[in-house]
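Protein chains in written order, with my numbering: chain W, 3 to 328; chain C, 3 to 527; chain Z, 107 to 412.
Simulated from the structure, these hints should not be mistaken for lab results.
The beta carbon of each residue, even a glycine, is placed where N, CA and C say it ideally should be.
Do not rely on the hints blindly, as some may be mistaken.
In silico EDC-like links for lysine to aspartate or glutamate, alpha-carbon gap of 20 Å or less [what the hints assert, rightly or not]:
id	chain 1	residue 1	chain 2	residue 2
1	C	LYS115	C	ASP102
2	C	LYS397	Z	ASP154
3	C	LYS117	C	ASP128
4	C	LYS397	Z	GLU226
5	C	LYS233	C	ASP453
6	C	LYS355	C	GLU393
Here are the simulated distance ranges between beta carbons [claimed, not checked]:
id	chain 1	residue 1	chain 2	residue 2	range
7	W	TYR68	Z	GLY293	19 to 29 Å
8	W	ALA57	C	ASP44	52 to 62 Å
9	Z	LEU146	C	LEU353	19 to 29 Å
10	W	TYR68	C	GLU163	38 to 48 Å
11	C	ASP133	W	ALA57	51 to 61 Å
12	Z	ALA139	C	LYS345	21 to 31 Å
13	Z	SER219	W	ASP70	26 to 36 Å
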Amino acid sequence: MTRWLIVRAAAFVLSVVVGLSGLFLMLHTLPGSDTAGLAPTVAANPEARAAARRAQGLDRPLVDQYLDHVRGLLRGDLGVSNSDGSPAADAVATAAPVSIQLGVMAATLGLLPGLAAGVVAARHVHRPGDGTIRLTALVAVSVPSYWLAVLLLVQVGNRWPGLLPQPGGFVEFSEDPGATVQSLMLPAVVLAVGTFGVVARTTRSALIEVLAGDDVLFARAMGMTERQVLTRVALRNAAPAAVTVVGLVVAGLLAGTVLVENVFQVPGLGQLLVSSFSRHDYPVAMAAATVTAVAYLGLNLVVDVALALVDPRHRVHAARANGGST
Amino acid sequence: MTLHHHSPRATVDRRRFLGLALGAAVTAPAALAACSGSSTGDNVAARHRDGILRIGVAGAPNNINPLDSSSELVQWPAEPVMESLYTYDQNLRSVPLLADGEPIVSTDGLTWKVKVRPGVTFHNGDPLTADHVVATLDHLLDLGSGSEWITYLIDYVQWFEAEDEHTAVIGLAKPYGLMRSHLTNLPIGHSDFVDRRDTMMGTGPYALTGYRPGQSFTLTRYDGYHGAEPKFEGIEFTVFTDGGTRLLTLQQGRVDLITSVPHTNLATIESDPDLRLVVAEAPMDVLTYVNLDAEPFSDENFRRAVAVSMDRAGVRDRVFGGHATLGQGPIGPAQRGWDPELKVFPAEADLEKAAELLKKADTDRREFSLTVGTTQLGRDIATVLAAGWAEIGLKVTIDQLAGGPWSSAWLSAEYEMLMNTFQSGFTSGPANYLTLTPGDSRNLLTCGYNDPEVDGWMDVVWQTTDENERDEALRNINRRLAEQAVMFPPVYPDLMMAQRSELSPIDVEGLRVSRLRPQRLAFVT
Amino acid sequence: MKARRPQGLDLSWVRTLGWAGILGAALIAAFLAVAAAGLLRGDPLALDGTPLTPPGPSHPFGTDSLGRDLLARTGHGAVTSAMVSVVSVGLATAVALPLGILTGWFRRHPVASVVTWAVELVQVVPPFIAVVVLLGLSADTDHQVLGVRLTATGRLILSLAVAFVPFMTRVVRSATMAELSSEYVDGLILLGVRRRELLGREVLPNLAPAVVVQVLLALSVAVFAEGGLSYLGLGVPPPAPTLGNLIAEAGTQLLGDAWWYALIPGLVLVAGITGVNLLADVATDRISGQRTPVPENSPATDEPAS
Numbered sequence: 003m004t005r006w007l008i009v010r011a012a013a014f015v016l017s018v019v020v021g022l023s024g025l026f027l028m029l030h031t032l033p034g035s036d037t038a039g040l041a042p043t044v045a046a047n048p049e050a051r052a053a054a055r056r057a058q059g060l061d062r063p064l065v066d067q068y069l070d071h072v073r074g075l076l077r078g079d080l081g082v083s084n085s086d087g088s089p090a091a092d093a094v095a096t097a098a099p100v101s102i103q104l105g106v107m108a109a110t111l112g113l114l115p116g117l118a119a120g121v122v123a124a125r126h127v128h129r130p131g132d133g134t135i136r137l138t139a140l141v142a143v144s145v146p147s148y149w150l151a152v153l154l155l156v157q158v159g160n161r162w163p164g165l166l167p168q169p170g171g172f173v174e175f176s177e178d179p180g181a182t183v184q185s186l187m188l189p190a191v192v193l194a195v196g197t198f199g200v201v202a203r204t205t206r207s208a209l210i211e212v213l214a215g216d217d218v219l220f221a222r223a224m225g226m227t228e229r230q231v232l233t234r235v236a237l238r239n240a241a242p243a244a245v246t247v248v249g250l251v252v253a254g255l256l257a258g259t260v261l262v263e264n265v266f267q268v269p270g271l272g273q274l275l276v277s278s279f280s281r282h283d284y285p286v287a288m289a290a291a292t293v294t295a296v297a298y299l300g301l302n303l304v305v306d307v308a309l310a311l312v313d314p315r316h317r318v319h320a321a322r323a324n325g326g327s328t
Numbered sequence: 003m004t005l006h007h008h009s010p011r012a013t014v015d016r017r018r019f020l021g022l023a024l025g026a027a028v029t030a031p032a033a034l035a036a037c038s039g040s041s042t043g044d045n046v047a048a049r050h051r052d053g054i055l056r057i058g059v060a061g062a063p064n065n066i067n068p069l070d071s072s073s074e075l076v077q078w079p080a081e082p083v084m085e086s087l088y089t090y091d092q093n094l095r096s097v098p099l100l101a102d103g104e105p106i107v108s109t110d111g112l113t114w115k116v117k118v119r120p121g122v123t124f125h126n127g128d129p130l131t132a133d134h135v136v137a138t139l140d141h142l143l144d145l146g147s148g149s150e151w152i153t154y155l156i157d158y159v160q161w162f163e164a165e166d167e168h169t170a171v172i173g174l175a176k177p178y179g180l181m182r183s184h185l186t187n188l189p190i191g192h193s194d195f196v197d198r199r200d201t202m203m204g205t206g207p208y209a210l211t212g213y214r215p216g217q218s219f220t221l222t223r224y225d226g227y228h229g230a231e232p233k234f235e236g237i238e239f240t241v242f243t244d245g246g247t248r249l250l251t252l253q254q255g256r257v258d259l260i261t262s263v264p265h266t267n268l269a270t271i272e273s274d275p276d277l278r279l280v281v282a283e284a285p286m287d288v289l290t291y292v293n294l295d296a297e298p299f300s301d302e303n304f305r306r307a308v309a310v311s312m313d314r315a316g317v318r319d320r321v322f323g324g325h326a327t328l329g330q331g332p333i334g335p336a337q338r339g340w341d342p343e344l345k346v347f348p349a350e351a352d353l354e355k356a357a358e359l360l361k362k363a364d365t366d367r368r369e370f371s372l373t374v375g376t377t378q379l380g381r382d383i384a385t386v387l388a389a390g391w392a393e394i395g396l397k398v399t400i401d402q403l404a405g406g407p408w409s410s411a412w413l414s415a416e417y418e419m420l421m422n423t424f425q426s427g428f429t430s431g432p433a434n435y436l437t438l439t440p441g442d443s444r445n446l447l448t449c450g451y452n453d454p455e456v457d458g459w460m461d462v463v464w465q466t467t468d469e470n471e472r473d474e475a476l477r478n479i480n481r482r483l484a485e486q487a488v489m490f491p492p493v494y495p496d497l498m499m500a501q502r503s504e505l506s507p508i509d510v511e512g513l514r515v516s517r518l519r520p521q522r523l524a525f526v527t
Numbered sequence: 107m108k109a110r111r112p113q114g115l116d117l118s119w120v121r122t123l124g125w126a127g128i129l130g131a132a133l134i135a136a137f138l139a140v141a142a143a144g145l146l147r148g149d150p151l152a153l154d155g156t157p158l159t160p161p162g163p164s165h166p167f168g169t170d171s172l173g174r175d176l177l178a179r180t181g182h183g184a185v186t187s188a189m190v191s192v193v194s195v196g197l198a199t200a201v202a203l204p205l206g207i208l209t210g211w212f213r214r215h216p217v218a219s220v221v222t223w224a225v226e227l228v229q230v231v232p233p234f235i236a237v238v239v240l241l242g243l244s245a246d247t248d249h250q251v252l253g254v255r256l257t258a259t260g261r262l263i264l265s266l267a268v269a270f271v272p273f274m275t276r277v278v279r280s281a282t283m284a285e286l287s288s289e290y291v292d293g294l295i296l297l298g299v300r301r302r303e304l305l306g307r308e309v310l311p312n313l314a315p316a317v318v319v320q321v322l323l324a325l326s327v328a329v330f331a332e333g334g335l336s337y338l339g340l341g342v343p344p345p346a347p348t349l350g351n352l353i354a355e356a357g358t359q360l361l362g363d364a365w366w367y368a369l370i371p372g373l374v375l376v377a378g379i380t381g382v383n384l385l386a387d388v389a390t391d392r393i394s395g396q397r398t399p400v401p402e403n404s405p406a407t408d409e410p411a412s
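Could you put the whole structure together from the sequences, leaning on the hints where they help?
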C-alpha cells in the first residue's frame, strides 16, 4: 500500500511537471504570442516589438526562461499579466473561489437527486420507473450546458434580472452570502442538470451490479429484507463506485464551468481562462490553465487514494478511474 | 485611435425571447420577480439621493492606463479623472486647461514651451509640475511601454525637459502641425503612476477610488479640484457586456446612461417615454482598403468594379439599422476634411457598371479575401458585403484574424482587402490621421498605392499649422483615394447611446470628438 | 460499469431497449432530416430575408438578425457539426486502434509499456481544458501541416482528435487484453492457431462491439464539444454556421422577441446528442447482456457532465 501510494504520488508529480512544461513550450514556441498584447499600431513597429520582448524577458535563451518559470512557480509566482501588469496569481486567486462556490452549489443540487434517482432506478430495474429515470438522466447528460444556459439567461434574466449573476459587481461570499448564492443560482442549476444525469446513471449501473453480486444473494438467502439488503450490503459495496462518481462529477464540473461561466459572465476560473485567451493575455491564461490542471490532477490523486482505501482491488485500475468528459 | 479587438464571443447576453417553457427550476423564482413600471421614476429619484451618476458601458479594458490606450473603454472612465494641457471648448477649439496660457513656439516651430497652471493638485495632493508632463512624455516615448501614442510622436518629438518647476519644453525633429492637437488630447498623469496599468492618477474633478478588473470603476469627487465644484458625489461605470442587459438596467433605472446601443434595441428605446436615444456623428471609421501590390486589386478596373458594387445600403440597414452615413472616401462626416459633395459611388450596388468594368479588367481573378478582425461587427459587415459581391460573381472569402495575426497581416501586406473598425477622438480629436497612412506610399503600412500628389498632401496634413490648408489637403486625399478605389469604407456609423430623462442631455458636440464628459451632466427632476 | 442483467426480466428489458433504440434512431433521423433540408434550402450566407422574421411559410426556421435563412444555416450547421465530430473521432479511432491492439498484444514489451504509460499520463489532463488551451494558443498563428495551411476547422478537428486518442487507446487496449485473457484464446493457442490469425479472425471482430459503443459515446461528446468550443469562439469561425455558432450568435446578438433563434438550432443539437447517446446505451446493454468485454472501469460513464 505504501509503495503503491509512493508510485501514485510520483506519477502525480510527473504529470504535473510534464503538463506544465508542455504548456510552457507551447506558449513560447508560438510566433507572435509575445506581442499579441500590444495594440496593432504598436506591434507594427519592429522597434516597439523588440522593446516589448525585452521588457518581458523573451529575448533570453529558452532554457533560462524555463528555469525562471519553474522557479517562479515554486514560489507561487504565476507570472504577470501582459495587459495590466498585475500578478497572474492575483487574478487566479480572485477567480478560483468563485468557481469553487459554483461547483459546490452545482454538486449539492445535482448529487442528492442523482443518487436518489439512481437508487430508485436500480431497485425498479427494467420496469417503467427505471425507464423514465434512465431517459431523464440520458437527456440530462445530453443537453449542452451552454444552450441551456443561454435559454435560462434570456428567459429568466429578462423577467427577473435580480436572479442573474450580477455583471459588473460580483459579490464575494464573505461580503454577502445570500447575494452570492442568489447570483450563482442559475449557473448552478444549469451545471446541476448534467451532474444529476451522470450521478443517476452511474449510481444505477453500479447498484445493479452490486445487487446482482454474491453477497447480496447471500444476504437475501439469509432472509434479509430488501431494505436491509440495500442499506447494509449493497450501498456499502457500492462505495467504490460512489468515489468514482465524485471524481466524474468534479471532472464534469471543471469542463462545465468553463462554458457556463462564460454564458453567465461569472468571474470564475473558466471565464478567466477563456477571456484571457481572447485578449491574448497568455500569462494569465496559462496561470488559469495551470491551476485548473493541478487541481484536477490533485483530485484524481485523492480519488485514487480513496478508492484504494475503500477497495484494494481498485489499486490496479485506480489510475484510470477518472476519465473526464471532453 | 482604437483597434477593436474585444472578442464578442466570449461573452453572452441576456435576451428577451419568449415562449420557452423551462421547467420548475425557472418558475420557482417567479415569486422574486422584480417589478418595473410606474414606480421606476420614483426609484430613480430615490437612487439619485446618493448623488452618484451611474453609467453602463459595453466592455472592460485590459489595461486601464489612459496614456497607453485610446480606447473609449479606458477613456470614458478616465475623462473625469485625467486632464490634458489643453482641451476642447464648446466649438471644439483648443483652449488651455492644465496649461497656463498658449504655448510659446519658437519661430522655426521646433521648440514648444508650455507653462503649467499653478495651484493644480493631483488626487494624492501632490502639486502639478512640469516634471509630471515630462514623466508622461517619457512613458509615451518608451518603446517598451506599448503606448498607442508612440505612432504619432516617435518621428517628431526628439527631446523634452522641465525647464523649471512650471515650464515644460518639447523639442521637435521637424515641424509638427498636429502637436497642438496632441497636447489637447493627451492626458497628463502623475509621475509615480504613468507606468501603472491598473490604476490612474490625474488632476480631474473625480478620483478613481475603486476598480474591479473587468467589472467596474468607482470615481469619487475630488474636493481639491482646481475648477468648478463637481456636481455629483461620485460616478460609477459598470460593465454590462451585453446590450440587452445594458438596456434592461437602464429601463429599470439602475443606471442613468448606457453606451453602445445595438440597433436592434432602438425601437424599445424610442417607445419608452423615460428614455432618450442619443445619435451622434463621431469619428468612427470602418477602415477599408485594398492591396495594390498584388492581384486582383492591382487592376484598376477590378478595384472600381468592387467599389461600385459594394452594398453600402445593405450594411447601413442590416448592420447599423439605418444609423450610418453611406461611405465614399476614407473621411467621414465627423472628421476634418469631410466632403459632403463627394459622390463617387452609388448607394445601391451598381451591378451593371461593375460587370462592365470587370469585362475590361486584365486580371482573371474573380475571387478575393476580405480580412477582418474577430468582432461581431466586422464579421457582420463582411458577411453583408460578401453576399452583395456574390451577385456579380465575385467570390469573397472572409478571413477573420485576431489582434496579433491581424497586425502581422497588416504589416507584411498579406491581405487583399482589409477592414477594421476604429474609433478615434481621444488621440486626434475630430480627425483620424492614422487611417489615411496606408495611402502614403512612403509609409511602413502602405497599401501599395503610389501617388506623389497624395504623398505631398499627407505631408501638408502632418506638418502645416494652418487648419484651412490641412482641411484642403485632407479633402484632396479623401477624393483621390475614393476615385482611385483604394480606400472605400461602406459606411460611416453613428455613435449611439441611451440615457434616462432624469439626466440632463448628453452634449452631442462633445461626442464629435468621442467625449462623453459625464462630469458635466446633472440630475434633473 | 457493467449492467449485468438480472434474472427473469427479459421481456420488459427487451421492450425498454427496443423503445430506446427506436427513439434514438428517430432523433438521429430528425437531425439528418434537418441537415438534408438545410442543404437543399440553399446558401446559408445569402441575405434573402427580412431580418428577424419568425418561423413561417417563407422561412420555416425564421431568419437571423442579418436576414439569413435559419433553416439553411441550421442544416449546414448540423452538417458541419456532424462532419467535425465524425472526422475527429474517426481520426482518433484510426490512431487508437493499432496503438491499443499493439500495446494490449505486446503488453510486456518495453515500448508498449512506455506508450501505455504515456497514454495514462495524458489521460489525467482534463480534456476539455486541454482542447481550450490547444485552440486558444494556436488561434493566433497560421499552421502548416504537410505544406497545407491549416484552417480553423482543421485545427478544431485535430485538437479534438488529439484529445480523444488516449481515451480510445485505453478502451482498445483494455478490450484487447480482456479478449486475450479469455479462455477460448488460450484454447485456440493450444490448438496451434497462429497468433496473427487469432488477431484477425478472433480478437478484432470481438473488439468491435466495445469499440463501437465507445465511438458512439465519443461522437456525442464531440458534437457537444464542437458546439461548446464554437460557442467560446474557438471553433469553426463564423459566418460559417455550426450549431454552436448559431447558439452563440443567438446569445450575443439582440433578439427582440426572436425566441426561435437559439431554440431551434439548440433542439437540433440536443436531438443529435441524445440520439447518439441512446444508441450507445442500447449497444452497451446488448453487449453486457451477451458478454463482458468492456473493461472494469468502462468509460461508458464518461459523458458530458454538463
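Status of each hint after checking the structure:
no. : hint                            : in the structure
1   : LYS115/C / ASP102/C             : holds, 11 Å
2   : LYS397/C / ASP154/Z             : holds, 17 Å
3   : LYS117/C / ASP128/C             : holds, 17 Å
4   : LYS397/C / GLU226/Z             : violated, 47 Å
5   : LYS233/C / ASP453/C             : violated, 53 Å
6   : LYS355/C / GLU393/C             : holds, 13 Å
7   : TYR68/W / GLY293/Z: 19 to 29 Å  : violated, 55 Å
8   : ALA57/W / ASP44/C: 52 to 62 Å   : holds, 54 Å
9   : LEU146/Z / LEU353/C: 19 to 29 Å : holds, 27 Å
10  : TYR68/W / GLU163/C: 38 to 48 Å  : holds, 43 Å
11  : ASP133/C / ALA57/W: 51 to 61 Å  : violated, 23 Å
12  : ALA139/Z / LYS345/C: 21 to 31 Å : violated, 51 Å
13  : SER219/Z / ASP70/W: 26 to 36 Å  : holds, 34 Å
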